[in-house]
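Student: Chains A and B supply the protein sequences, listed in that same order. Position one of the first sequence corresponds to residue 21 (my numbering), numbered consecutively onward. Position one of the second sequence corresponds to residue 21 (my numbering), numbered consecutively onward.
Everything labelled a hint here was simulated from the structure, so no lab data went into it. Note that the structure is a prediction, hence the values are computed from the model and not measured. Positions of the beta carbon are idealized from the N, C-alpha and C atoms, including for glycine. One or more of the hints may lead you astray.
In silico EDC-like pairs for lysine to aspartate or glutamate, Cα to Cα no more than 16 angstroms straight-line [said to hold, decoys possible]: (1) B:K79 to B:E58; (2) B:K79 to A:E24; (3) A:K158 to A:D126; (4) B:K158 to A:D258; (5) A:K39 to A:E58; (6) A:K79 to A:E58.
Okay, the calculated beta carbon distance ranges per label pair [to be verified]: (7) A:D254 to B:A199: 35 to 45 angstroms; (8) A:A82 to B:L67: 20 to 30 angstroms; (9) A:Q281 to B:E373: 40 to 50 angstroms.
Number of protein chains: 2
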Amino acid sequence: MAREAVTIIDVAQMAGVSKSAAARVLARSGSASAATREKVLHAAANLGYRPNQLARAMKSGATNTIGIVVPDVVIPFFSAVLRGLSDNARAAGFEVLVSNTDNDADIEARSLELFAEQRVDGIVLAPVLQENPSAILKLVDEEMPVVLLDRRMPGLEHLPLVSVDHANATEQATSALIALGHERIALLAEAAPPLSTLQELTASTPNNPALTLLRPSAQRIVGYLRALEQAGLDVDEDFIIRSGYTTTSAQTAVEAFLQRQSMATALHATNAVLTSGAYRGIRARGLQLPDDLSFIGFDDQEWTTMVQPAVTVVEQPRQRLGATALTVLTSIIRGTAAAPLDHLLDAEMLVRESAAAPVQGAQLR
Amino acid sequence: MAREAVTIIDVAQMAGVSKSAAARVLARSGSASAATREKVLHAAANLGYRPNQLARAMKSGATNTIGIVVPDVVIPFFSAVLRGLSDNARAAGFEVLVSNTDNDADIEARSLELFAEQRVDGIVLAPVLQENPSAILKLVDEEMPVVLLDRRMPGLEHLPLVSVDHANATEQATSALIALGHERIALLAEAAPPLSTLQELTASTPNNPALTLLRPSAQRIVGYLRALEQAGLDVDEDFIIRSGYTTTSAQTAVEAFLQRQSMATALHATNAVLTSGAYRGIRARGLQLPDDLSFIGFDDQEWTTMVQPAVTVVEQPRQRLGATALTVLTSIIRGTAAAPLDHLLDAEMLVRESAAAPVQGAQLR
DNA sequence: GTGAAAGCGCTAACAC
DNA sequence: GTGTTAGCGCTTTCAC
Numbered sequence: 021m022a023r024e025a026v027t028i029i030d031v032a033q034m035a036g037v038s039k040s041a042a043a044r045v046l047a048r049s050g051s052a053s054a055a056t057r058e059k060v061l062h063a064a065a066n067l068g069y070r071p072n073q074l075a076r077a078m079k080s081g082a083t084n085t086i087g088i089v090v091p092d093v094v095i096p097f098f099s100a101v102l103r104g105l106s107d108n109a110r111a112a113g114f115e116v117l118v119s120n121t122d123n124d125a126d127i128e129a130r131s132l133e134l135f136a137e138q139r140v141d142g143i144v145l146a147p148v149l150q151e152n153p154s155a156i157l158k159l160v161d162e163e164m165p166v167v168l169l170d171r172r173m174p175g176l177e178h179l180p181l182v183s184v185d186h187a188n189a190t191e192q193a194t195s196a197l198i199a200l201g202h203e204r205i206a207l208l209a210e211a212a213p214p215l216s217t218l219q220e221l222t223a224s225t226p227n228n229p230a231l232t233l234l235r236p237s238a239q240r241i242v243g244y245l246r247a248l249e250q251a252g253l254d255v256d257e258d259f260i261i262r263s264g265y266t267t268t269s270a271q272t273a274v275e276a277f278l279q280r281q282s283m284a285t286a287l288h289a290t291n292a293v294l295t296s297g298a299y300r301g302i303r304a305r306g307l308q309l310p311d312d313l314s315f316i317g318f319d320d321q322e323w324t325t326m327v328q329p330a331v332t333v334v335e336q337p338r339q340r341l342g343a344t345a346l347t348v349l350t351s352i353i354r355g356t357a358a359a360p361l362d363h364l365l366d367a368e369m370l371v372r373e374s375a376a377a378p379v380q381g382a383q384l385r
Numbered sequence: 021m022a023r024e025a026v027t028i029i030d031v032a033q034m035a036g037v038s039k040s041a042a043a044r045v046l047a048r049s050g051s052a053s054a055a056t057r058e059k060v061l062h063a064a065a066n067l068g069y070r071p072n073q074l075a076r077a078m079k080s081g082a083t084n085t086i087g088i089v090v091p092d093v094v095i096p097f098f099s100a101v102l103r104g105l106s107d108n109a110r111a112a113g114f115e116v117l118v119s120n121t122d123n124d125a126d127i128e129a130r131s132l133e134l135f136a137e138q139r140v141d142g143i144v145l146a147p148v149l150q151e152n153p154s155a156i157l158k159l160v161d162e163e164m165p166v167v168l169l170d171r172r173m174p175g176l177e178h179l180p181l182v183s184v185d186h187a188n189a190t191e192q193a194t195s196a197l198i199a200l201g202h203e204r205i206a207l208l209a210e211a212a213p214p215l216s217t218l219q220e221l222t223a224s225t226p227n228n229p230a231l232t233l234l235r236p237s238a239q240r241i242v243g244y245l246r247a248l249e250q251a252g253l254d255v256d257e258d259f260i261i262r263s264g265y266t267t268t269s270a271q272t273a274v275e276a277f278l279q280r281q282s283m284a285t286a287l288h289a290t291n292a293v294l295t296s297g298a299y300r301g302i303r304a305r306g307l308q309l310p311d312d313l314s315f316i317g318f319d320d321q322e323w324t325t326m327v328q329p330a331v332t333v334v335e336q337p338r339q340r341l342g343a344t345a346l347t348v349l350t351s352i353i354r355g356t357a358a359a360p361l362d363h364l365l366d367a368e369m370l371v372r373e374s375a376a377a378p379v380q381g382a383q384l385r
């Protein structure tokens, strides 16, 4: 603002008291007589005094600002998390700075650096999956409070994580299909570690580091394996469809799968992008949901209820993830953090019409 | 960050020069000898010096931070605008603070106040439509640079606006339907001023204040009237369907319309929410697109290409709106602003399959 | 209860 | 080219 802002000095002068007296009143700290308070408040109101948070931050060392770093706020999951974070941040007296990385480690590093220069009080970060997260570690080493969102990777074991329980989410979907009577359930997942590695983890607890350090897509496969195992069903590696993280890649993979493997009676896609691609693939093959195939998607999206039949999905508590991340972050900032800091929230099934009991012989076209 | 940050003094000491010498090197201002520069840069790197933007801002009066205030970042339109703004802000050296208002004038006022206290250099605001925007005017009066996004209302005539050309967007859609051969075109719009008021504006230029001060929903109706007028078609007020700003309200309104008015051969919905509701209503009535009815929606949404036939829509250049808002805002901040400051961007038709030439007698069920 | 004064980290005159 | 100094607006001892 170009025009000279009114400072505490202006207020003090008008009130006829000292700078510090005015400060005590305006910052509600220290003591002041009723008369002084009255005069100062009056002057402040008259002049339209607005405290300069910059100066306040210089003194106190706290900016009451936090940063959130995500791949892309246009992705509905992240915009919802941002919203949940933002609402709660406001309530707790924090402003929120936003940055997008497009999953580029360099941009992420630069964003973190800039936030640090701005002296944010803490950062919520959905990290780019990278080999050597040195930029993150550097910040943490300098005692910047950081809360991880959605994912974690080796090297960041000691940072608190707020995320959905990925394995559990897929397990829920798979178990739901099993409960409907399906035994040959295909899974559409991003490329991930070899199956043997993942199979060793089916018995692990949700917060087992070996599990939470895997990328979300791998954790989701673990949940699938766990559900099959619990039901006593054999794993057929041929039923695990690998795809890149794009709609077209997923569509292609699903179409190819449906062409070569007509025994599957159900399919679960493990993230939002793959869900869109899978749906297109199913449609391209001319299959009817749920009679020809039962389908459960991941993440609720508007289209899942615009198509017919509406698509059953596993939904993450997006805004609550943001709210939780804020809570954890503030507890660290205020030094009131108490272990455990990890928060793995449960996903929720939104049961609609795309998954049903298998129809005998349906896939035997 | 709890640990003592390294300051310019630490750097100067280590480099064996004065504070100001170090400052000159680090801020790339003023002159310094090669030797000094070398020593300072070296010391800074060794110590991991990170400039304190707070202190810098205190001195310079510029925080290099801007704020964006929108109804809700979860709405795809706003998250995309935010993205466009954010990318360009970064490139221009600004950080971005975000706030959601949920269309509540009090929350908006509070947000603006808080941003002002943070001493942001400027604000991009999608204002809550309100009678008396005093909080906004107060800020502007104090010379805070403000750019309006998407809408403007009486009292804010002097503030620059970055928006899609609402009237033109609807005109494009309506004209497209007319070009296909439709003559009885229904419009789904939010409740708006009486038709007579709007009809007077069909001849106005895009940036006519009388037009840009209307709420977007009203401007869109003007575009519809203009298209009909240009084609020499009569306006039948019965074909303008009024609805509240919710999917269910829109669905109900469309269903009722389709029941009582079977002469319409085409329908255009004038915003994203109404488009979803209209589509549901059309489906609930069992109509086939485009044979029973041609349909054009507003704002591209993922579901419009997930359903079959895919829905033709008018799309706003969302990210470009954000980018443009940033450009205008920075020009004001830097004092290089040159009239005209209003930017009305053109919407674009995404032609898909839900609109086609009318089929004779199709609606005569 | 109140005022004087120091100082947060940085920049920009200003002398040298 | 370099160092000294003042000061951005605020909070917070510390005497009185």
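Student: Now tell me if each hint is right for this structure.
Tutor: Evaluated hints:
1. B:K79 to B:E58: It is violated: about 26 angstroms lies between the C-alpha atoms, which goes past 16 angstroms.
2. B:K79 to A:E24: 14 angstroms, holds
3. A:K158 to A:D126: 14 angstroms, holds
4. B:K158 to A:D258: Answer violated: K158 (chain B) to D258 (chain A) is near 66 angstroms, above 16 angstroms.
5. A:K39 to A:E58: 15 angstroms, holds
6. A:K79 to A:E58: Distance ~26 angstroms between K79 (chain A) and E58 (chain A) Cα, so the pair is violated.
7. A:D254 to B:A199: 35 to 45 angstroms: Given range 35 to 45 angstroms: violated, Cβ gap about 59 angstroms.
8. A:A82 to B:L67: 20 to 30 angstroms: 23 angstroms Cβ-Cβ, so the 20 to 30 angstroms window holds.
9. A:Q281 to B:E373: 40 to 50 angstroms: At 31 angstroms between Cβs, range violated.
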